[in-house]
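Asker: Each protein sequence line maps, in turn, to chains A and B. Note that the working numbering has the first sequence beginning at 383, numbered continuously upward. Note that the working numbering has the second sequence beginning at 1078, numbered continuously upward.
Keep in mind that the hints are not guaranteed to be accurate.
Computed cross-link-like contacts, DSSO-like style, restricted to lysine-lysine with a CA-CA straight-line distance of at most 30 angstroms [stated by the list, open to error]: (1) 519/A to 464/A; (2) 1124/B to 1258/B; (3) 520/A to 461/A; (4) 435/A to 452/A; (5) 435/A to 461/A; (6) 581/A to 1141/B; (7) 519/A to 461/A; (8) 461/A to 447/A; (9) 1258/B to 581/A; (10) 581/A to 1250/B; (11) 519/A to 581/A; (12) 401/A to 1124/B; (13) 1258/B to 1280/B; (14) 1258/B to 401/A; (15) 395/A to 1258/B; (16) 395/A to 452/A; (17) 566/A to 511/A; (18) 520/A to 566/A; (19) 581/A to 566/A; (20) 1280/B to 1141/B; (21) 461/A to 566/A; (22) 520/A to 401/A; (23) 395/A to 1141/B; (24) 401/A to 1141/B.
Hints listed in this document are in silico derivations from the structure and should not be mistaken for laboratory results.
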Amino acid sequence: MNLTAATLSFCAKLLCGAKIRWINCQPDICQRIYFANHTSHLDAIVLWSSLPKEVRVLTRPVAAKDYWDKGVVRRHITKALKLLLIDRHEITARRSPIQLMMNEIGQTDSLIVFPEGGRSASGELGEFKSGLYYMSKKRPELELVPVYMDNMNRVLPRGEILPVPLLSCISIGAPMWLEAGESKVDFLERARNAVLNLKSED
Amino acid sequence: MLCGMERAGMFFAETAQQIPIDFATKAFFISVIATLLILFGIGRILKGRPDHFIDSAVVRNFNKRITSWLAMTTILSAALLFNETTTVVIFFLLSFWALREYVTMTPTRRADHRTLFWAFFLFTPAQYFLVGLGREVEVFNSKFDAYHLYSIMIPVYASLFIPFRTALSGDDKRFLERIAKIQFGLLVCVYALSYAPALLYMKLNHWNPSTNSLEPWQDRNVGLLFYFIVLVQVNDVMQFIWDKMVGRKVIAPTINSTRTWEGFFGAAVCTSLIGMLIPIVFAGRVTPFQWFGSGCMALVISVMGFAGSITMSAIKRDRGVKDYGTLVTGHAGVLDRIDSICFAAPVFYHVTRVFLERRPAATIETIETAGIWNLLS
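For reference, chain A alone in the conformation it holds in the complex (with noise of 0.2 angstroms):
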């Protein structure tokens, strides 16, 4: 691990205090997409951080290419982290994402996904998009992880830059996959349900 991203999920960890929780899920090599709640900048760093080492080097956080792709900083990061960089704005069908994920990853990586799309301001869970469906689609047989991150709004809420060190706590939740036949809106409602459920699995 480089020295950046040692120092910036040493810092994270240290600021948010998280604690992580496995419910009926163990750390596994295997590769997994792990999708969760989306409130603060914290999110992807703090979740990647609190994995085990093994699982940690294999395992790239998604991130919006309109916000890391710009400036000396945010660019450092990205590479340090091995973000994968998805175009929010221009989705065609030749430059589908989907694709891109599904290429980088290969047959060894796993991804840390916010299915919501963006940030919520509330700390309230927003619909998730369809992606989560259509990687699913092309590769069935990835684990997909349900993430619910408690408390992430209050330490850096969505405009503010200084943190507030409180105490948060990550749970993992059981792998699920896309059944035979269920539809979209059936299977993004499931996996919706799956974090939400984690939330009151206290």
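Given chain A, put chain B in place with the hints provided.
Answerer: Leaving out everything else, chain B in the frame of chain A:
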């Protein structure tokens, strides 16, 4: 900034490590840690026993407490033996963590974010910085007593700043309630607790019975702080035991179902007796108190420790959590361990100050105004 740091470093160095710690104080440290080690061993043995012999939940609770106290006393005595500044830093970290638990548990609104930032990163470090400066700081060639600042910073200045900063954020929903929450958190977790390490910087007298007069106490106050922490913990154990053994009349059933009047009085008597024993056993070298004074101080600690744990129970009840440790799963509850210390520390400090503090030779007015005149002329 750098200049300030250097100056501060100089101040810190001045107070530390001039007088060696005497044998009796060391013996006190060792005997406390030894007692805890014995209890720790007993806990381990009990753990191996079958369930019907003794309630296993009680044993688990006992083991957990003993382990955390053993860790706490060992760290504290190491810091105390090292120097005063280290001890202040340790209490700063404790405060910071306690405030963290407190705010995590307290519902705050999005608009409180920046106020909370200042509470964590300005007032908390500033309070301990001032405590660590000590009682005689050289500012512009005159002596300044940092006590005059740290004793009012949070109750006065923070309590003015917090509503102001919250008002600026433009959210008026439950305004008074929100500022009160933050203010109370700072008061209990930071301000009150900082009086414990502040004990180290007091200049005290002690009563010499052979000459029948007050004489300067020629010792660092490490024994005094350790004595205070130990008595708070002893009082907690005594209350626990008395509640379990003879407790009948519950004081406030909706707040805390285990605290009884029998437990309160039993613990007050036992803690006072142990307080009286300490100067007798350790030849009056641990604290400047004689046996009678020590008993009274132990009584003060007992009452305030009780007040602390009842008050913090009320907050926990309000928030629907049993321990601060369980509010975020897996985190150890620091606030659970230090609630009685928080309430007892300021009172212990001020009672000691009223009766035993050495007054400076010059009058207070001269010292305080000299600096200002220097600036003006």
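Asker: Each of the hints needs a verdict: does it hold here or not?
Answerer: Verification of the hints:
1. 519/A to 464/A: Holds, because 25 angstroms separates the two Cα atoms, which is no more than 30 angstroms.
2. 1124/B to 1258/B: The given pair, whose Cα atoms are some 41 angstroms apart, is violated under the 30 angstroms limit.
3. 520/A to 461/A: Given pair residue 520/A, residue 461/A holds - Cα atoms ~27 angstroms apart, limit 30 angstroms.
4. 435/A to 452/A: 29 angstroms, holds
5. 435/A to 461/A: 18 angstroms, holds
6. 581/A to 1141/B: 28 angstroms, holds
7. 519/A to 461/A: With a Cα-Cα distance of about 29 angstroms, the restraint between residue 519/A and residue 461/A holds, given a limit of 30 angstroms.
8. 461/A to 447/A: 13 angstroms, holds
9. 1258/B to 581/A: Holds, at roughly 25 angstroms.
10. 581/A to 1250/B: 26 angstroms, holds
11. 519/A to 581/A: Status holds; Cα separation ~27 angstroms.
12. 401/A to 1124/B: Distance ~28 angstroms between residue 401/A and residue 1124/B Cα, so the pair holds.
13. 1258/B to 1280/B: 35 angstroms, violated
14. 1258/B to 401/A: 25 angstroms, holds
15. 395/A to 1258/B: 26 angstroms, holds
16. 395/A to 452/A: 25 angstroms, holds
17. 566/A to 511/A: Cα-Cα ~10 angstroms, so holds.
18. 520/A to 566/A: Holds: residue 520/A and residue 566/A sit about 13 angstroms apart, inside 30 angstroms.
19. 581/A to 566/A: Distance ~23 angstroms between residue 581/A and residue 566/A Cα, so the pair holds.
20. 1280/B to 1141/B: Given pair residue 1280/B, residue 1141/B is violated - Cα atoms ~37 angstroms apart, limit 30 angstroms.
21. 461/A to 566/A: 33 angstroms, violated
22. 520/A to 401/A: Distance of about 33 angstroms is beyond 30 angstroms: violated.
23. 395/A to 1141/B: 26 angstroms, holds
24. 401/A to 1141/B: Answer holds: residue 401/A to residue 1141/B is near 20 angstroms, not above 30 angstroms.
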